[in-house]
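For the protein sequence lines, the chains are A and B, in the order given. For the first sequence, the working numbering begins at 12 and goes up steadily by one. For the second sequence, the working numbering begins at 875 and goes up steadily by one.
Derived from the structure by calculation, the hints contain no laboratory data. Where a beta carbon is used, it is the ideal one built from N, C-alpha and C, also for glycine.
With beta-carbon atoms standing in for the labels, derived distance ranges:
| # | chain 1 | residue 1 | chain 2 | residue 2 | range |
| --- | --- | --- | --- | --- | --- |
| 1 | A | ALA432 | B | GLU988 | 53 to 61 Å |
| 2 | A | GLU424 | B | ILE879 | 57 to 65 Å |
| 3 | A | GLN40 | B | LYS1151 | 41 to 49 Å |
Listed here are the chains, written in short residue letters.
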Amino acid sequence: MGTKDEGNNERELLIHKRQQERYLNKSRQISAKYLNKLDELPGIPTNLSYFKSILYKIFVENEIVSYKENEIYVGIFCVLMPMELIYACGARPVKLCSGDYVGFQFGDDVVPRDACPLVKAVVGNNYIGNNNTYNACSMYIVPVTCDCKKKMAAIISEYKETYILHVPINKKNDETMDLYVKSLHEIVHTIEQKTGEKITYKKLKKSVQMYRETQREIRRFIELKRSLKPLIRGSHAMAVINSIAYDDIARYTKQLAILNKELETRRDNGDYLTNKKLPRILVTGSPITFPNLKIPLLIEEMGGLVVADETCIGDRGFTDPVSVAEESLEGYFRAIANRYVSACSCPVFSDNEQRIHKIKQMIIDQKVEGIIYHVLRGCLVYDYEYQILEQVFGAMEIPIIRLESDYNEEDIEQLRIRIEAFIEMIKFKK
Amino acid sequence: MKHKIFHGLRWVIMTLSLLFLAFGIRLTGKWLHTTDLPVFSCPFNTDQVIHSYCYYLSHLNKLVEYHSVKYAITYIIIFIILAIVFGRVFCGFICPMGYLQDIVWKIRDILHIEGFSRKEKFVESIKTARYLVLFVFLSITFFGFDFCSICPASITTQSIAGFKQVINVGFIFGIILMILGFFMRRFWCNICPLGYLVGLFYKISLFRIKKDCTACTKCRACYEACPMKIKEIYTDDDKDVTKTECIFCGECIKKCPEDKALSISIGNIKIYTSSRKDFEEYHK
Ligand code: SF4
Ligand code: SF4
Ligand code: SF4
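Produce the complete structure using the sequences and hints provided.
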């Protein structure tokens, strides 16, 4: 019996090793392909290379972007875990929400068929065990937003220390907000134990300030992106915003300032991408994470321009700054909670009419001509809100379509046809 | 830039108002004591010939006793007109009691001491207290008592002017309120009967808080900052979010990060509007 078991074990190990190799090869291939696609899309700014190099390092070289030795990384999911708190404890947050097609394939065998691809990819990455971004993290923090994330937390806790963060269901209720703050305290406590550093008023203030800096640059960036004569393409912009997940925030901010400068110079010189009027598209819906950039890329390959991005891994996570009303440690905690939960337009909350207001404002500010509503297969919360949006924006005569997609390339042709038709329609309407 | 003008002006006016109410008499000589001051003229009234709104509101019977019915009616009409025009702008800009509470709160800010933040619960629990105090304020005189001796605002102008050294109930009450105000901004103002009466006509008063619900991201920053704990300011989806409690302190606008989401206006003219530029400048 014993020898048979051992033999089995050895065989399993061998299989796993082969899976790991297959994983790395394929995932490198796909990431490199999408980085290339970004290059092929005309009008890529010179200073985008920094952000591409971050993505290259993470996804192709399979290495964490590190500047200090013995840095402690905290793997987080969602935009609902305040990153300021992690910095203030002396660790660095790494956002792990994955767009990885290969991880998705492995995860597909572990979680139910109808689970969303993002969760499949995360689980797959953990199962396969040789994604070094995941491996570098000392712990995971999972805000329990939707059911998939909840069960994902349970599964990935088998691979690494995982903590869940309770997220209010109703944002307007003061008591649930208090509970969220309490939950943040608990999380901070666990991070403190990892780093051996205590959070203080001063440290937290500093890290909030640091993120304000980033937000200021991102706002500048978004304003440049909305220029009536285009300066940057939305797919490129998404890559820029995506790479924030893996970089040190202070460095990132500096690099973004350089990119902004480049775009501003181009604007001042009248050096636009094109003088043609491209259909201006807003992308909203389920998360779009590198390398799963197929939708924005298709839109822009078909002659559209993604001028606005309301997805959570995109602009949503960085448009709102922390507004502090009470200068004390607790005051900062509450201010952070407000910014991360109250201002968030994620559909996991029961009351979310603000998302419509927000999109309306984006339509005004960014002069949007059409909305593409992205739904990852199995992502129910976003699918629920499509109907409301369709009603509201239908009444406003803003064209809107729902695109369902998965983490693979099988649906690309079908998506292409629909996106092309949509963009032609907008052009025709003009 | 605008936030500096608005809030700078507010602090200057509040300081001048306190100085005026406390020392006005010293600067200008005795003639002032025959003039009617709208409120808090206690330091001017060593000889107890009092002509001020808060005095008569808490001594309604004296209004007829000292003067005539006609006088009483004129008095009330003028009060209503003032309340309609200015409303609780008085609280945000003139009242020395509000000013002192703002100061203790600032001190807490500088010391980074944690305040008390359970706003909703607090508002719930003081609801009855508010009406009770109002009742006492308006009717105590009919039971033969003098509200001035328990008035917590006696700690403001009187003691600062050095007029009254007696430590009476009002004085101690005032000290306790200042301590509470240290932990919860403008604690007393949430109960204050004078403020309540001044705010009664908010529906038609000239000063308004306006909101652009499309620009608002419902981030709660305004509610968090509001010393009067007005939750509707962030939950409401109306164009006009003026509430009876609002003292026009502008804190909500200062803390609102969204362009044009909130504004204070006089009639239809916006005088102070939230903007991201201001917000960023303020947080630099
Ligand atoms: S509420 Fe009362 S104490 Fe507060 S500022 Fe107004 S009048 Fe003064
Ligand atoms: S609503 Fe605004 S202006 Fe009115 S009291 Fe509250 S913070 Fe001050
Ligand atoms: S602070 Fe401004 S954006 Fe935030 S909820 Fe209040 S009005 Fe809305």
